[in-house]
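Engineer: In case you want the letters, here they are:
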Amino acid sequence: MTLDYHAVLVFLITGIVMVCAPLVMGALFRPNNPYREKGIPYECAEDPIGGAQVRFDMRFYTTALIFIVFDAEIVLIFPWAHVFKTHPEKGLAFAAGLVFATIVFFGLLYDWAKGDLSWVKTFRNKRRVQG
Amino acid sequence: MNQDLIFYVASNLVKIIIFTHIALILAALMSLAERRVSAVMQSRLGPNRVGFGGILQPIADALKFIFKEDVVPGHVEKVLFVLAPAIALIPALLTLAVIPFGPPLEVLGREVPLVIADLDIGVLFVFAIASLGVYGIVFAGWASNSRYPMLGGVRASAQMISYELSLGLSVVGVFMVTGSLRMLDVVALQDDMWFCFTQPVGFLVFVICAFAETNRLPFDMPEAETELVAGYHTEYSSMKFAMFFMGEYTAMFVFSGLIATLFLGGWDIPFMSAETFAALGNWGALLGFASFMAKCCAFLFFYIWVRWTIPRFRFDQLMSLGWKVLLPLAIANVLATGLFNLPS
Numbered sequence: 196m197t198l199d200y201h202a203v204l205v206f207l208i209t210g211i212v213m214v215c216a217p218l219v220m221g222a223l224f225r226p227n228n229p230y231r232e233k234g235i236p237y238e239c240a241e242d243p244i245g246g247a248q249v250r251f252d253m254r255f256y257t258t259a260l261i262f263i264v265f266d267a268e269i270v271l272i273f274p275w276a277h278v279f280k281t282h283p284e285k286g287l288a289f290a291a292g293l294v295f296a297t298i299v300f301f302g303l304l305y306d307w308a309k310g311d312l313s314w315v316k317t318f319r320n321k322r323r324v325q326g
Numbered sequence: 032m033n034q035d036l037i038f039y040v041a042s043n044l045v046k047i048i049i050f051t052h053i054a055l056i057l058a059a060l061m062s063l064a065e066r067r068v069s070a071v072m073q074s075r076l077g078p079n080r081v082g083f084g085g086i087l088q089p090i091a092d093a094l095k096f097i098f099k100e101d102v103v104p105g106h107v108e109k110v111l112f113v114l115a116p117a118i119a120l121i122p123a124l125l126t127l128a129v130i131p132f133g134p135p136l137e138v139l140g141r142e143v144p145l146v147i148a149d150l151d152i153g154v155l156f157v158f159a160i161a162s163l164g165v166y167g168i169v170f171a172g173w174a175s176n177s178r179y180p181m182l183g184g185v186r187a188s189a190q191m192i193s194y195e196l197s198l199g200l201s202v203v204g205v206f207m208v209t210g211s212l213r214m215l216d217v218v219a220l221q222d223d224m225w226f227c228f229t230q231p232v233g234f235l236v237f238v239i240c241a242f243a244e245t246n247r248l249p250f251d252m253p254e255a256e257t258e259l260v261a262g263y264h265t266e267y268s269s270m271k272f273a274m275f276f277m278g279e280y281t282a283m284f285v286f287s288g289l290i291a292t293l294f295l296g297g298w299d300i301p302f303m304s305a306e307t308f309a310a311l312g313n314w315g316a317l318l319g320f321a322s323f324m325a326k327c328c329a330f331l332f333f334y335i336w337v338r339w340t341i342p343r344f345r346f347d348q349l350m351s352l353g354w355k356v357l358l359p360l361a362i363a364n365v366l367a368t369g370l371f372n373l374p375s
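Going down the list, the protein sequences come from chains W and B.
Residues 196 to 326 (the working numbering) make up the first sequence, in order.
Residues 32 to 375 (the working numbering) make up the second sequence, in order.
Just chain W, same shape as in the assembly (with noise of 0.2 Å):
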């Protein structure tokens, strides 16, 4: 099985190959002719006021925290579900399992309810999480 392990990495290898070969084999064909206008970033021919990498929306950090609570959780499901099969108390295996996709469940109508998965708040919803 270790053997497998290693077929995938002579396979990365491969495709770190098969990709950076392309990318420099262009370099010895290709013209290079930078400008000051090429240089700039695109905006449809605008002259750009200021950089780029200023702070974002707010509610993609909270869709990223969201996540990661519920990923985890999701992990946990796996090795439930892989033994479900041959489990022998399938009544039980299941009844722990009911257990904690309730709770995940409940968790996200939490979310849900606080307006965290609403892109678009109410006003309502607003007004609760200021208060």
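Hints are not guaranteed to be accurate.
Said to hold, decoys possible - Here are the simulated SDA-like cross-link-like pairs (lysine to any residue), alpha carbons at most 20 Å apart as the crow flies:
{"#": "1", "chain 1": "W", "residue 1": "Lys285", "chain 2": "B", "residue 2": "Lys355"}
{"#": "2", "chain 1": "W", "residue 1": "Lys280", "chain 2": "W", "residue 2": "Ile261"}
{"#": "3", "chain 1": "B", "residue 1": "Lys355", "chain 2": "W", "residue 2": "Ile261"}
{"#": "4", "chain 1": "W", "residue 1": "Lys309", "chain 2": "B", "residue 2": "Gln348"}
{"#": "5", "chain 1": "W", "residue 1": "Lys233", "chain 2": "B", "residue 2": "Glu108"}
{"#": "6", "chain 1": "W", "residue 1": "Lys280", "chain 2": "W", "residue 2": "Phe295"}
{"#": "7", "chain 1": "B", "residue 1": "Lys355", "chain 2": "B", "residue 2": "Arg338"}
To be verified - Away from chain B, derived, C-beta distances all over 10 Å, residues of chain W:
{"#": "8", "residue": "Asp242"}
{"#": "9", "residue": "Trp307"}
{"#": "10", "residue": "Lys309"}
Hint data in this document are derived by calculation from the structure and do not stem from the laboratory.
All C-beta atoms in this analysis are idealised placements derived from N, C-alpha and C, irrespective of residue type, glycine included.
For chain W, the structure is supplied; the task is to place chain B on it using the hints.
Structural biologist: Below, chain B alone, put in the same frame as chain W:
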């Protein structure tokens, strides 16, 4: 070094070279098919001049990409800017390692499974590696230091992580039935009945998430041409630009392969049992390989078909579909699968 080991290494090297080429050539052909099928759907001709009816167009494109100037604007973060296209393509390619392309082939009296790495945790490996692909897009968006790529990159990260949850959960139902994460086991258990019939909800959720994960219409927020110019690859040119496209098409192929393996029976042909394949020997293996590729190609066509059928979602619609519809549906699917598989 015994003979078995030498044979294993040699056969694996050959497999790696062949499968990588299949993926990359298919990605190239996909770029042509995309334009030709789009053209047919819009009553146009599409590219039909290069080679025999346009079949050599991808080669012409590739040559052009190599000979074009590679503009690296002065305002970018150089290291991440160069790294991003490679990170977008390599994980997509790497996930191919666990997808079985057909029944085992018999070479020199030894059995060669048509899968590069037959890992016990096959599907977890796919999720682990495929989720790295988002880094390529985020790096590209951030390193470009330009407004449109930045917006595209941030959108892409939010979209891909949101749909990854439902993607992961939708296959849990399959594993509860198979009791194994190995791809070959999953295929073997679909001999009688494909999982798209026994797991219709999981299948539906997985397909929708596959569209979102590969940034295809109707979920192509990260590169929405009409609002973000080209999204995260606005500042890219030449071969680096092509890398993003190859990454996208390879990811599409990988997801088609996953759907075929997990839900459409892999290389299985309806009314043909595993014994029939085994009885046919190497011809059976080739037949299985052809069946698998046919399923993949049918699904790749489906990708294009959907692209010209369903208009793009708004970003808030996309997020609420992912979180409020697909995720509860996927959790319900897990529970329903458990309930149906209880001994009565």
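Engineer: Honestly, which of those hints from before does the structure not fit?
Structural biologist: 1, 2, 7, 9
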